[in-house]
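**Student:** Two chains, two frames, some hints: make the complex.
Line by line, the protein sequences are chains A and B.
Going by the working numbering, the first sequence opens with residue 1, and the numbers climb by one from there.
Going by the working numbering, the second sequence opens with residue 1001, and the numbers climb by one from there.
FYI, nobody ran anything at the bench for these hints, they're computed from the structure.
These numbers were taken from a predicted model, which means no experiment stands behind them.
Hints may contain errors.
[What the hints assert, rightly or not] No more than 20 Å apart at the CA atoms, straight line, and that leaves these computed lysine to aspartate or glutamate pairs for EDC-like:
#1 LYS79(A) x GLU59(A)
#2 LYS1098(B) x GLU1003(B)
#3 LYS1045(B) x ASP1082(B)
#4 LYS1002(B) x GLU59(A)
#5 LYS1079(B) x GLU1056(B)
#6 LYS1079(B) x ASP1039(B)
#7 LYS1042(B) x ASP85(A)
#8 LYS1098(B) x GLU59(A)
#9 LYS80(A) x GLU22(A)
#10 LYS1045(B) x GLU1056(B)
#11 LYS1045(B) x ASP1057(B)
#12 LYS79(A) x GLU22(A)
#13 LYS1098(B) x GLU1005(B)
#14 LYS1045(B) x GLU26(A)
#15 LYS1079(B) x GLU1015(B)
#16 LYS1042(B) x GLU22(A)
#17 LYS1079(B) x ASP1057(B)
#18 LYS1098(B) x ASP71(A)
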Amino acid sequence: SQTIHQWPATLVQPVGSPLSLECTVEGTSNPNLYWYRQAAGRGLQLLFYSVGIGQISSEVPQNLSASRPQDRQFILSSKKLLLSDSGFYLCAWSIQGGNYYGYTFGSGTRLTVV
Amino acid sequence: RKEVEQDPGPFNVPEGATVAFNCTYSNSASQSFFWYRQDCRKEPKLLMSVYSSGNEDGRFTAQLNRASQYISLLIRDSKLSDSATYLCVVTGMDSSYKLIFGSGTRLLVRP
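Excised from the complex, chain B in its bound form (with noise of 0.2 Å):
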């Protein structure tokens, strides 16, 4: 089994529509979860933390499950500049320094 699994996609959603990612992990032990952002040929960039609380930040909101192991992040009102490929991100097996990255969720907005 994968660390972190995700849904490869792509997801192709029209301009304006709202679009939820999820991605599971198998480390019961993780501390620390985050969702990253890539766009083709460029590096990840951190998009947001996900907090046990949830969190949000403008269009973008971030949920963790710990109990079934799983993350997710919405997107309202998609703009086009959206698209990418979300990476799904959990602290390794061994929690010290690492950090394993999913394969990531490719999204396309369309006008």
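In isolation and in its complexed conformation, chain A is listed as follows (with noise of 0.2 Å):
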């Protein structure tokens, strides 16, 4: 069966300081992957989506950027953060095609930045 991974659960990070949010799928190939972040309170916004090793597209300009080395692998970045930043963060995968059939979210990283 299919798992998804993310680390870590929790991270409090000063401002200014780079981040790295890993994403690892399990017991598939070629899925589609996803970063959204849920701000307190808000609903989920979709920062980076991926169709394949490479390939990244970006919905919203920001501090932040993906990356996806290795099929099964998505990766989140900043160079440097900002207090706007924090919010709970969840990466998600699909099928190609995923769009009919939903997505499965890892249990995510709540990142505070201080």
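**Tutor:** Structure representation (structure tokens):
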């Protein structure tokens, strides 16, 4: 069966520090991968999605970047965190054409920038 | 206008009650529709897909009205464990890969 792993679960980082969040998927090949952010009390905002290795689409101009160095690995990064980067970061995967079947989310990383 | 709009609630109902949520979407070309459930400080989990003919899964019934562009979720015989936020989800304007999530409707089921 397919599983998605996301770490760390919680993170407290100072303003201006770098960030690296990792997500990996097991049990499937060539998944679509997504990074979402959920600010406190708000809805999910799509940040990046990827349909293949090295293929990244950005949804919102921001202080973040994403990379997909391997088929089942998706990384979210920042060179310098801002206070506004605080939130709940969720990685998700779907099969190709996954808009017909929905996404499966990882357990998320709760980031607090101080 | 938001792509997906939901009443944020909270809906506060007693155990055993029937409660219904509605959601409206703006993209008439949307093809796929879902309801997700999100518990406090947890990731969203797929509750059910929504089909044009309507579908039922135990105490949960989902309906789609394409003409009016709204989706509904009916929960019968509410349980305490149904307390959560329910997210309405539709295919985005670019329907290739993306799902657009509503901000959610919060349900509180009281004893």
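**Student:** Now look at each hint and say whether the structure bears it out.
**Tutor:** Going down the list of hints, with the structure as the test:
1. Using a Cα cut-off of 20 Å, the hinted pair LYS79(A) and GLU59(A) holds, with the two alpha carbons roughly 18 Å apart.
2. With a C-alpha separation of about 12 Å, the suggested pair LYS1098(B) and GLU1003(B) falls inside the 20 Å cut-off, and the hint holds.
3. The suggested pairing of LYS1045(B) with ASP1082(B) holds, with an alpha-carbon distance near 13 Å, which does not exceed 20 Å.
4. Restraint check: the Cα-Cα separation between LYS1002(B) and GLU59(A) comes to about 16 Å, which is no more than 20 Å; the hinted pair holds.
5. With a C-alpha separation of about 17 Å, the suggested pair LYS1079(B) and GLU1056(B) falls inside the 20 Å cut-off, and the hint holds.
6. The hinted pair formed by LYS1079(B) and ASP1039(B) meets the criterion: a straight-line CA distance of about 14 Å does not exceed 20 Å.
7. At roughly 19 Å between alpha-carbon atoms, LYS1042(B) and ASP85(A) fall within 20 Å of each other, so this suggested pair holds.
8. With a C-alpha separation of about 10 Å, the suggested pair LYS1098(B) and GLU59(A) falls inside the 20 Å cut-off, and the hint holds.
9. As the CA atoms of LYS80(A) and GLU22(A) are separated by approximately 17 Å, the hinted pair is consistent with the 20 Å bound.
10. Restraint check for LYS1045(B) and GLU1056(B): satisfied, since their Cα atoms lie roughly 17 Å apart, inside the 20 Å limit.
11. Distance check on the hinted pair: LYS1045(B) and ASP1057(B) sit about 15 Å apart at the alpha-carbon level, within 20 Å; holds.
12. Distance hint between LYS79(A) and GLU22(A) is fulfilled; the C-alpha atoms sit about 15 Å from each other, no more than 20 Å.
13. Of the supplied pair hints, the one linking LYS1098(B) and GLU1005(B) holds, its CA atoms being roughly 17 Å apart against a limit of 20 Å.
14. With a C-alpha separation of about 18 Å, the suggested pairing of LYS1045(B) with GLU26(A) holds against the 20 Å cut-off.
15. Distance restraint check for LYS1079(B) and GLU1015(B): the Cα-Cα separation of roughly 5 Å lies within the 20 Å cut-off, and the hinted pair is therefore satisfied.
16. Under the criterion of a C-alpha separation no larger than 20 Å, the hint pairing LYS1042(B) with GLU22(A) is consistent with the structure, at around 18 Å.
17. At roughly 15 Å between alpha-carbon atoms, LYS1079(B) and ASP1057(B) fall within 20 Å of each other, so this suggested pair holds.
18. At most 20 Å may separate the alpha-carbon atoms for a hinted pair to count; LYS1098(B) and ASP71(A) meet this at roughly 19 Å.
When the structure is compared with the earlier hints, no violation turns up for any of them.
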